[in-house]
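**Q** Chain residues, written in single-letter form:
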Amino acid sequence: MSEHASRRRFLQATLTLIPAVTLAPQDVFSATTEGEKTAISIPPPRSDSYTPRYFTDDEWRFIHAAAAQLIPADELGPSAVECGIPEYIDRQMQTPYAHGALWFMQGPFVTGLGPELGYQQKYTPREIYRLGIEACNAWCKAQLGQPFDKLDQGSQIKLLQQLEADTMALGEMNGSLFFAQLLGNTKEGYFADPIYGGNKDMAGWKMIGFPGARADYMDWIDHPNERYPLGPVSIDGRRS
Amino acid sequence: MPIEKPSVDVVIVGFGWTGAITAMELVDTDLDILALERGPMQDTSQTANYPNVIDELEYSVRGKLFQDLSKETVTIRHSLAATAVPYRQHGAFLLGNGVGGAGFHWNGMSWRAFEADFRLRTHYTERYGAAFIPGDMTIQDYPVSYAELEPYFAKWEDVAAVSGQAGNVKNHIRPIGNRWEAPRSGEYPLPALKDTYGAQVFAKASAELGWQPFAVPAANASAPYTNQYGVRLGPCNFCGFCEGYGCYMYSKASPQTSILPALRQKKNFTLKAGTQVTRVVMDSTGGMATGVNYIDPQGQEVFQPAKLVILCAFQMHNVRLLLLSGIGHPYDPVTGEGVVGKNYAYHMNSSVNVRLPKNTQLNPYIGTGAAGTAIDDFNGDNFDHGPLGFIGGASVYHLRPGGRPIQQSKTFKNEPKWGKGWKASVQEGYQRILPIYAQGSVMAYRNVYLSLDPNYRDTHGQPLLRMTFDWHENEFAMIKHAIGGAQKIARVMGGDVEVNLRESGSHFDTRAYQSTHTTGGAIMGDNPRNSVVNRYLQSWDVPNVFVMGACVFPQNIGYNPTGLVAALTYWSVEHIKKLYLKNPAPLVQT
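Those protein sequence lines, which keep their order, are chains V and G.
Numbering of the first sequence is given in the working numbering, commencing with residue 1 and proceeding in unit increments.
Numbering of the second sequence is given in the working numbering, commencing with residue 1 and proceeding in unit increments.
Simulated from the structure, these hints should not be mistaken for lab results.
Cβ coordinates follow ideal geometry from the N, Cα and C atoms, glycine included.
Please note that a few of the clues may not be correct.
[Stated by the list, open to error] DSS-like cross-link-like pairs, simulated, lysine-lysine; straight-line CA separation at most 25 Å:
1. V:LYS158 / G:LYS413
2. G:LYS266 / G:LYS71
3. V:LYS158 / G:LYS417
4. V:LYS206 / G:LYS266
5. V:LYS206 / G:LYS71
6. V:LYS150 / G:LYS578
7. V:LYS150 / G:LYS420
8. V:LYS206 / G:LYS417
9. V:LYS122 / G:LYS413
10. V:LYS158 / G:LYS71
11. G:LYS358 / V:LYS206
[What the hints assert, rightly or not] With beta-carbon atoms standing in for the labels, derived distance ranges:
12. V:ARG53 / G:GLU4: 32 to 40 Å
13. V:LEU230 / G:LEU581: 55 to 63 Å
14. G:LYS420 / V:ASP58: 53 to 61 Å
15. V:SER49 / G:GLY484: 39 to 47 Å
16. G:GLN46 / V:GLN153: 26 to 34 Å
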């Protein structure tokens, strides 16, 4: 029996028994013949089927284009977009973090005292994205005639490098601050537990060999320099 | 007018390690003990349960267990003339919050200190001459000796179920263990943790160089253990989620894991979470405390009368409370007068990364907070400082606290930060990069101190604490020497070597995590002109106020501070019980 047929039969057998609300959004468990609990992986929704709650259409296109360059697809693993990073970032925008609520945000905001004294801007992550994307797209349109997401790949990479190096005049928004925000969240989403919407199929973890939420190596401490035999699991019990 | 509560015998401000130890040791006196903790209640079953706690984003990246900086932070400047700005995001240090404090989310490295650390100025003067100590270095002796504290280190190690290999028992030096450690009265409660592969590689290379590697003493239990309070800890399973997390295995010592299960049974002990103490209230003479004011969870101001006030908040918060309460004279760096805020110190860290050969499987996620192997040949005064010209030293070690991918996947700094190049290097580096750390002591200086900030306030309208701190040449020289040792070890290991040395001329950088080992500001000493508290950690100025924690260190040591913090707390409480409760008066005459 093919995996697909098996899955379909399982779903037909169980869906009538389980109230829909108790199903995990993408995965269900079944008992294999060995009796071991195994996740049946239903392909996650593609990023383009997710409707962003914070980002506008223009911003959403920018995030997709930039994420695809920051972590591109290659033989080591899928791209940030394939891993759901745009969805991850958009979902993060609903959290206290994105509203700056984890940071001390009282003024006066004194800048220019040196990078060692840390973040001294008044912007929250939501504002950094909003202002950063707007400024970046405005620059692209003025200099290159098109928004960022319409540029060819080489131009996009060059532009990201300029952002990172702070060599673009973006007005109010500091290019490297915006770039650090984007890159930081992209890598976070690539490596965070998939419950947050990124790291689809635990691809980020598989790329480096992190076993996820297994968090029990009582046996493998006795196997120095040997490859760990098990694949990753996520907090909600998904395997890959 | 604040609401006034019925009086208690003892009020404990803050419930991390020192608060839990203090309460537990006083609870058999039948005194009414009330502990006030500003953060929320936290327990293993609720706050650190599996699998929810295995969440790097929520815990160590977003800082679920860290102090909410939006309400209160510190301000930082590098020099006396500069304007301080707020520490707006967690970076160089990770302040704790809630029941357990930073002791809930720490790693568990549990060291003693060297005998010479306790008589630092005298020791260096005797061995190298008084002129060896720079004029602006305000180091001083601890007013207590290692021999006096030894039983309290031993007691702490039992409570915390410390795993380790003794190297010096009653002055018998062992062929294994740390031959440099101060003499112990006995073995560690538990044998050392098993070595990770990285620890084995480090040990082999450092032994080849003639140094004696040893297991870092770990408050991560290597086997089941029942401590003297009857609390049972489970064996560590190397899950790799210590720092930033509570321990779902009940293996990492914490107030929750090691003390609270016994303490919460006691009828004369009450713990109130969500209560923020804003000041110690003084009587009309200013010579005695009458209690504390706090803000309760409903936002109401409460006056809690108490006969004895014990400050057990984190190092910085204790200093701030003293300053806000007007206890002791604030330190003035221009005149050198005053004591509160004086001798703030820290740690200085650097590292060397080694990329081991292809196909190496470090399996970095197999780790625990204190899973490490160290050498002390560059620490304390274990080498001749004469030709080197600096004071202090560093522990040199490999530590494998985990392989959490967002924050602990390594690449070399000259490698791409994004794109295909980043993917290739992060994949290679994850299994192959072995870090060697040097964590060194920081001395006290005349121009480094803590005070109240003139510009920024917390959500209750009180001034923030201001830190005036920057590196000094002594510490640059110290860390360069220690990193020299780390480089030798790295070269013996083989592979590509990357050195991350804090160079002379660089400034204290608040952005990247360094360590939460901030010390001083309410230092202990032998007279009120050089210190805030006496040898029993009793305020010189207000005898019914005691102050616990790393804020009492006259200067920092080349080790993680928690072992010394705990031993000093046990020492202090023992004398509160033996001396102070029988005769509530100054325990040291001036």
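**Q** Now tell me if each hint is right for this structure.
**A** Structure-based check of each hint:
no.: 1; hint: V:LYS158 / G:LYS413; in the structure: 21 Å, holds
no.: 2; hint: G:LYS266 / G:LYS71; in the structure: 33 Å, violated
no.: 3; hint: V:LYS158 / G:LYS417; in the structure: 14 Å, holds
no.: 4; hint: V:LYS206 / G:LYS266; in the structure: 49 Å, violated
no.: 5; hint: V:LYS206 / G:LYS71; in the structure: 39 Å, violated
no.: 6; hint: V:LYS150 / G:LYS578; in the structure: 78 Å, violated
no.: 7; hint: V:LYS150 / G:LYS420; in the structure: 21 Å, holds
no.: 8; hint: V:LYS206 / G:LYS417; in the structure: 19 Å, holds
no.: 9; hint: V:LYS122 / G:LYS413; in the structure: 29 Å, violated
no.: 10; hint: V:LYS158 / G:LYS71; in the structure: 40 Å, violated
no.: 11; hint: G:LYS358 / V:LYS206; in the structure: 18 Å, holds
no.: 12; hint: V:ARG53 / G:GLU4: 32 to 40 Å; in the structure: 48 Å, violated
no.: 13; hint: V:LEU230 / G:LEU581: 55 to 63 Å; in the structure: 56 Å, holds
no.: 14; hint: G:LYS420 / V:ASP58: 53 to 61 Å; in the structure: 27 Å, violated
no.: 15; hint: V:SER49 / G:GLY484: 39 to 47 Å; in the structure: 56 Å, violated
no.: 16; hint: G:GLN46 / V:GLN153: 26 to 34 Å; in the structure: 48 Å, violated
When the structure is compared with the earlier hints, violations turn up for hints 2, 4, 5, 6, 9, 10, 12, 14, 15 and 16 and for no others.
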